[in-house]
Amino acid sequence: MAAPRSFLWTRRIFLTLLTGFVLLPVYVMISSSLKPLEDVSGSFHWLPSGFTVRPYLDIWTTVPLADYFMNSLIVAGAATVCSVVIAVFAAYAVSRYTFRGKRVFTVTVLSTQMFPGILFLLPLFLIYVNLGNATGIALFGSRAGLILTYLTFSLPFSIWMLIGYFDSVPRELDEAALVDGCGPLGALFRVVVPAAIPGIVAVAVYAFMTAWGEVLFASVLTNDTTRTLAVGLQGYATQNDVYWNQVMAASLVVSVPVVAGFLLLQRYLVAGLTAGAVK
Amino acid sequence: MTTLTSPRGPRDGTEGEGTKAGPPTPGRTLRDRLPARLRRLSLPYLLLLPALLLELLVHLVPMAVGIFMSFKELTQFFVRDWGAAPWTGLDNYATAVDFDAPVGEALLHSFAVTVVFTVLSVGLCWLIGTAAAVFMQENFRGRGLLRAVFLTPYALPVYAAVITWSFMFQRDTGLINHVLHDQLGLTDTRPFWLIGDNSFVALLTVSVWKGWPFAFLIVMAGLQNIPKELYEAAAIDGAGIWQQLRRITLPSLRPVNQVLVLVLFLWTFNDFNTPYVLFGKAAPEAADLISIHIYQSSFVTWNFGAGSAMSVLLLLFLLLVTAGYLLVTSRGRRSADV
Numbered sequence: 001m002a003a004p005r006s007f008l009w010t011r012r013i014f015l016t017l018l019t020g021f022v023l024l025p026v027y028v029m030i031s032s033s034l035k036p037l038e039d040v041s042g043s044f045h046w047l048p049s050g051f052t053v054r055p056y057l058d059i060w061t062t063v064p065l066a067d068y069f070m071n072s073l074i075v076a077g078a079a080t081v082c083s084v085v086i087a088v089f090a091a092y093a094v095s096r097y098t099f100r101g102k103r104v105f106t107v108t109v110l111s112t113q114m115f116p117g118i119l120f121l122l123p124l125f126l127i128y129v130n131l132g133n134a135t136g137i138a139l140f141g142s143r144a145g146l147i148l149t150y151l152t153f154s155l156p157f158s159i160w161m162l163i164g165y166f167d168s169v170p171r172e173l174d175e176a177a178l179v180d181g182c183g184p185l186g187a188l189f190r191v192v193v194p195a196a197i198p199g200i201v202a203v204a205v206y207a208f209m210t211a212w213g214e215v216l217f218a219s220v221l222t223n224d225t226t227r228t229l230a231v232g233l234q235g236y237a238t239q240n241d242v243y244w245n246q247v248m249a250a251s252l253v254v255s256v257p258v259v260a261g262f263l264l265l266q267r268y269l270v271a272g273l274t275a276g277a278v279k
Numbered sequence: 001m002t003t004l005t006s007p008r009g010p011r012d013g014t015e016g017e018g019t020k021a022g023p024p025t026p027g028r029t030l031r032d033r034l035p036a037r038l039r040r041l042s043l044p045y046l047l048l049l050p051a052l053l054l055e056l057l058v059h060l061v062p063m064a065v066g067i068f069m070s071f072k073e074l075t076q077f078f079v080r081d082w083g084a085a086p087w088t089g090l091d092n093y094a095t096a097v098d099f100d101a102p103v104g105e106a107l108l109h110s111f112a113v114t115v116v117f118t119v120l121s122v123g124l125c126w127l128i129g130t131a132a133a134v135f136m137q138e139n140f141r142g143r144g145l146l147r148a149v150f151l152t153p154y155a156l157p158v159y160a161a162v163i164t165w166s167f168m169f170q171r172d173t174g175l176i177n178h179v180l181h182d183q184l185g186l187t188d189t190r191p192f193w194l195i196g197d198n199s200f201v202a203l204l205t206v207s208v209w210k211g212w213p214f215a216f217l218i219v220m221a222g223l224q225n226i227p228k229e230l231y232e233a234a235a236i237d238g239a240g241i242w243q244q245l246r247r248i249t250l251p252s253l254r255p256v257n258q259v260l261v262l263v264l265f266l267w268t269f270n271d272f273n274t275p276y277v278l279f280g281k282a283a284p285e286a287a288d289l290i291s292i293h294i295y296q297s298s299f300v301t302w303n304f305g306a307g308s309a310m311s312v313l314l315l316l317f318l319l320l321v322t323a324g325y326l327l328v329t330s331r332g333r334r335s336a337d338v
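Line by line, the protein sequences give chains H and X.
Each residue of the first sequence is one higher than the one before, counting from 1 in the UniProt record's numbering.
Each residue of the second sequence is one higher than the one before, counting from 1 in the UniProt record's numbering.
Bear in mind the hints are in silico, worked out from the structure with no lab data behind them.
One or more hints might be untrue.
Rough simulated footprint, nothing fancy, chain H against chain X, three-plus residues with beta-carbon under 8 Å [said to hold, decoys possible]: (1) 50-62; (2) 110-120; (3) 284-297.
Not the full set, but computed from the structure, chain H residues with beta-carbon under 8 Å of chain X [to be verified]: (4) GLY42; (5) VAL81; (6) PRO184.
Where a beta carbon is used, it is the ideal one built from N, C-alpha and C, also for glycine.
Bound-form chain X, shown alone (with noise of 0.2 Å):
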């Protein structure tokens, strides 16, 4: 088996021993076995040549092309022709940093209100969404059903979910004004829900309501991989429910949360459905997410060169989070082992 393995394979690293098995060719010559193994080895790469091509055309070539343009002024006028736009250089992103004038201050704002609303909603995503599946860890009647019901938010397509929730954030039609004025009486009038301070709190709230049946999914799936012998063995030892949760559930998960964080983060920021949906092409101010922000600085205002500088900014951003964030989980995980 290892002799028909690639020298270039172990050097990889990744999946240390050779990994298949051809036919076995012993004492044939090198030059009978070169064709076959020429093809051994391009196989590989013809089998991902699809995905190859895919990724190419629809995330590499536009990313480049998105990075160009961030150096070009281009405006509506050159839509039809943007190799034509003028090269301003790095213009664009002196704009988009210049905090002190109009359009750096609300790309700032907006930087500001997602990192505090993408803080809040995958916390509480996380937090009821661990709790709901460290409740349903053990079996109960009626756990089947409940699985499904809780998995309904996450099946629903976005636009249908969220066009309801704006139809029970609306002012004199919607459901959560008539319990909290008309029944409960906590308000003196009817808040507005989609404009104004309040549009952060409805975007917050459909969001949780959204995003929360991932993390419960990812969290179930590592619950089932934590062996019950631990909990025996705890319970022998005397351990209470509560103790067995806090000395082995959470800790068992911290691999799956690592994982789950970095995912429910990076969606949560780069969410446009959600905000679009539920507000419309301009978000009110106190909810105006990033990737609202720049689809209404380039679709709305036709501004595509600042767009793409924003948009080149955000991934910058995306990337140093993303790199820290594996850095620090890594290097905890690693010393966890010692």
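Okay, chain H solo, but in the shape it has when bound (with noise of 0.2 Å):
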């Protein structure tokens, strides 16, 4: 059916605009990060009266960055890929298992969604200090405690996803390899996981993305040579000048790898939400 008139014009003006709010800061990242430093310290313009690459050089020695890109990286891969483990293994259980305290677990995970981060902060500190001291395990300011931290973040709404995702995985696929001599793993792994992997990947995805773009924890949990992307970022601000040249070749720079892995993989995460999250 042909759709009327007013709703194409409707729909033209809507998205243009809605386009140019979104692109926006995109294009003041792009645009300032090949700036000169007198072109971002005056008055803004649209167009850089200088063109050059020198933030791009710049930003490595300004602050130590690969070492903070170094340690995001570790972070958020490890964060990631242990999560998405834990993930899969209680959601199977919880999808294809009747067991006394189920709905308890899954309200309960679900539930920690909703807790503002501050309020595990504050005890989490306390704690990794303290066990730090009494023990001589350093969570403290340690990649460990950030890896830690972070993938219980992503677990809840990966358990959630997963499970959808293999509750619309037919069950007699996996009975029938458990009748072909296949253990509850080995049916997990052959028949379940291979086929919910655009679900895994989305929870993956997801799972990387809040490591990596996480703030408030890396600000408490990190030292000086644990300190990751979030923090380290910061350190372009000096006492006398920002330089904002620099500030948007870095933000561009670990924007990179996210931003790419996301929209190769959005289609993933669209199938994954629709199996999951929406039901």
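Build the complex from these two chains, which are given one at a time in their own frames, with help from the hints.
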């Protein structure tokens, strides 16, 4: 059916305005990252007066960006892998078995999502510090402490989404595998996991993005050597000046991996949400 | 299959019928079956164990500790050994809700700001996200590209995106004032955006920019589940596109919206990252969101006891709101089914 003109025009205007709103910061980020410092220290101009790639060379020496990058990569990567594996097991149990305490488990796990991060921050900070003092296990300021923390952030959402996804894999498939002599874990890894790959990819992307973008815990639980990008990026503001061109260049550099990964995998993410979240 | 189903199973009621098949075991005695059965009963718990341990360690234990700490006078002197902090009973709570004194007054103010901010932000995110998803329901040229563009704010790391906005909101070097003052001449002077009353507008703008793509994503997914036949039937009956939107699309999205609004509400209400990157450790009064406020009370003034009490109060509030919301929406859903 052909849509009426009023609809087409509303759509055109709305989508154009929205595109402008969405892309405005992206334009500012890219264009400012290619400007010399004089250009970003004065009044803003849409077009750069000079064009330079200097900021992209300077960002690595103004702050130890490579180290921060490495820290973020290790922390987010480890948190993602662990969180996906653990979520797969948990979601399989909930999706395929009936057991006592199932509801309590799902409700508890899901409700931790609603709690303000600040509620866990203070106690975790104290627990990590005191644990370090008492046992010498250095969680405070270490990557391990941050990994442990992050991995639970994405866990509730991952479990929730994977339950939905596993539910959509026909039960007959893994029942057949069980009959054929697979153990429950064999059925999980040979049948259910392969069938649920889009959901698992979506969950992994989500977990990685959560860890890569987290600021609150990173700013409290890290020290000079374990600082992540989220905290390190603030180093371009000195007492007297903010190197805005370098800030923008660095922002772009740290965004590219996640945005590229996200856009490449967004089909899976949408598919995952369809099966999992929207039920 | 049913012979192997745990007798406890159906009582749980969530899954209904026996949920898995084991190898058939006809003609065995109870004794033979017991170990296998025990193994099967414990299997789900083993699968859940890692998740359970982690939740316990990072969420439940800290929560208990947090509640415990809220009854103590936990200042910077006791950070090394918080067990030794003196017990103060409900003093921290009394301070937090004493709205005539500075601490309580500031908390109340921050709470009010957060409520208004959350309602506006969630409303706008929902509206923009739904509109975009509905407009992009049908295929047109460039739809795939546009979808990728629209998801960019969601994919960008918070700090990179918000730092860019903070650059745009700078008084002297930012794009916003350049457009408003230099190009359009709408303002006489260059207004401050990151301090004073305007900071609320700045925060809301960034929050909506960052948050609406999630609504878009979820609504888009929800739209895919609406059967095409509904639209076809409506079209045959002579319903126009706007009527179809009102009669089919929006009602069909109801269950999706109920979850979406709740999730958006909780995320926005608890958001720390956006104000923290935009304003730093101390937000301006007009944009003093509750999580930043508690952070400030705890880590900047080093009063962990009061900070914990505020966190617990916040948690109670969120629990109440969520429970109320779920109650209302599930009742609405039930009556809609009838």
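Structure-based check of each hint:
1. With a threshold of 8 Å between beta carbons, the proposed coverage of the region 50-62 of chain X by chain H holds, since 11 of its residues qualify and at least three are required.
2. Counting residues of the region 110-120 of chain X whose C-beta sits closer than 8 Å to any C-beta of chain H gives 0, which falls short of three, so the coverage hint is violated.
3. Remark: the region 284-297 of chain X is confirmed as covered by chain H, as 4 of its residues place a Cβ nearer than 8 Å to a Cβ of that chain, reaching the required three.
4. At a threshold of 8 Å, the smallest CB-CB gap from GLY42/H to chain X is about 7 Å, leaving the interface hint in force.
5. Taking 8 Å as the C-beta contact cut-off toward chain X, the hint placing VAL81/H at the interface is violated, the least distance being around 13 Å.
6. For PRO184/H, the shortest C-beta to C-beta distance to chain X is roughly 6 Å, which falls under 8 Å, so the interface hint holds.
This entry does not satisfy hints 2, 5, going by the numbered hints stated previously.
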